Amino acid sequence: MATSTDHENADTSGQAGKEVAPQMSVSGGLWNGIIGKPFHESLTLSALISSKSGTPQGTTLESATNDDWEHIRGAVWNDDPDYQLFSDTHDSNHSYTLGFDWALKFKSAEKEWNPNNLGFTRMKNVTGRSHYGDLQFLHCMASDRDEEPEVTKANIMTWMEVMYKLATGEDDKITPSTVVSQSPLGVLFPDDSLPPNWLSLAFLLSKDSKFKGLDIGRRALGSMFHVIQDSYAIGHAKRELLNEKDRVSDDPLKFKDGTIDRWGPIQIFHTYYGQDSVSHKHYDHFFDRIPDPEHLDNLEQWNNLIGCRDAVDRCKVLVEKKLEGKKWEGDDGLRQGLFLSIPFTYNCRLPSQGYFTPLRHPLSTFFRNDFSFHTKMATIQINGSTANLVNSPDSVPKDAESTNFILIQGHSDLTPGQKQKLEDSKVKILEYVSRNTYLCRYEPKDLSAIRAMAAVKSVIPYLPDLKTTVTLKELIERDNKKTRYEVDCILHKSPNVNANNLATSIAQKARVDLQDLQISPSIIRVTVHQDDLSEIAKLDSISRIEEVRPVGVLNNEARAILNVDLLTLSSSYEGANQRICVADTGFDLGRSNSVGSEVQFDRSIQSIAQGPIRGPI
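So the sequence shown is residues 1 to 617, counted in full-length UniProt numbering.
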């Protein structure tokens, strides 16, 4: 029977329980990955062997070459995007670490990504982002309870496009050396997140790997395998069952002897929170063993594990398409034929009770242009403040009568063409402030023309309540004695008035003398009573109000952002006729006019050019 036998009482309804890892299992830890079962690794190797990719029959995880392991490492990447389960050497790419660092990151993410109390540092933990947060699409899941299905699908397809083009080398604008922010993935890795978006796609997929045979194309294809495999895990997505007549049990899910469970279109994307621990692990095969690990070329062994046969078959097709030279674009390209490009019916939200309920009625067609989407905005987060505008109150204005600044939310991130259409309609996009959401300047009062655009999900005026940072709000709530705060009022990039004129209004609202303000072109600093902050926030030219922190070292997060603890040189410095830039004042005593005299450059270093010293770096 097609079942996983270790937990006969596993529940598939999604009743609330202890949170668990949302993916088919991978191995990790001591003794060549004794923790967990290597399902992603084994499914990947099965697909490679059966697709005639050059991996010989009889290959096992133990005997696989480093080249084969480049694919496998890519398949593990979705679970280990911070590279904490392996320690690459010059000659080997599959040596396991203790796994402690991965476990700590994963554990901390439980709190950081609690939807009822989001942590401030959550975007710095990429392991948490992948398993609990905004990168859950790497596991074919929605990133949060209110995410629209077309957004989930768009994120998945964006990832798959970049990975496939890396694997084939078909696009000279998407190569291992392409900077993440300059690729389509830029919208998925914002400036304030890790991994850093100013480094390359190669760094994203391999970090500081020392392995001599590093192959980003193979790792990219392996990452695609992971998404495909997870799409057939019941805890990740609900698919249409094609052979309903062969099912003999729902709890646990079982099929007739000799039959394979076959699955069709995705109906629901699940998200992490609210799922049952035993149920999720049961259908991720966390406790199951690989049926025949010595003969991974035998695909029949996957027939009795829910979702696994379809998963390996789809990965096999992907490899074969690549070997045939199929491109991503075109009538016969992967974009049109990829397994994900099939009708989604509706997404899923997980209420606090933990059971699954549809977010909306099923779509009758595959994202038809005439489909009427919800007109209310989903949850957005701006300046750390979270606003769920799905049920926006009547007090929220429907037009821009009293402001020149609006929030526009798309069904997905806007394309260059869609942005140009907005610009042609007198919209000036100022900032990308939340998922699919843009802060814009728009002087006309009527917003109906913007709402009518197909790419726009919702548009509302920029609310004053969103201008004060959450850290300032929490500071006020915590301190019952302090009432006056020094704050910076940040102007919009295109304000209605200049800083000097705005300062007069701020002084009036704060009930202070104008001479007490510190005024610069984009920031006005003022000490204000906490009760007057809401009045200052009503000034239209103000974009953000944040507390002034005392000068000092508050944390060392910049080290992680800049990856200063990692050696990420593309080439070694051998000291022979190489030109280098020294960003340091260590050669001298801090006097820009005395560098040449204090260091004997003529002995070992030739000073080509010197720039001004502008203080400590």
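By construction, these hints were calculated from the structure, which means they are not laboratory data.
These figures come from a predicted structure and were not determined experimentally.
A virtual CB, placed ideally from N, CA and C, is assigned to each residue, including glycine.
Wrong hints could be hidden among the right ones.
What the hints assert, rightly or not - Here are the simulated SDA-like cross-link-like pairs (lysine to any residue), alpha carbons at most 25 angstroms apart as the crow flies:
1) K173 x L194
2) K207 x G169
3) K321 x K207
4) K445 x P464
5) K481 x V551
6) K421 x A455
Claimed, not checked - Restraint-style ranges between C-beta atoms, simulated for each label pair:
7) W198 x S249: 28 to 34 angstroms
8) D91 x E329: 27 to 33 angstroms
9) G58 x T121: 53 to 59 angstroms
10) H529 x S402: 34 to 40 angstroms
11) K327 x E240: 24 to 30 angstroms
12) D91 x T121: 32 to 38 angstroms
13) I519 x E547: 16 to 22 angstroms
14) S534 x N496: 16 to 22 angstroms
15) T175 x D446: 25 to 31 angstroms
Which of the numbered hints above does this structure break? 3, 7, 8, 9, 10 and 15
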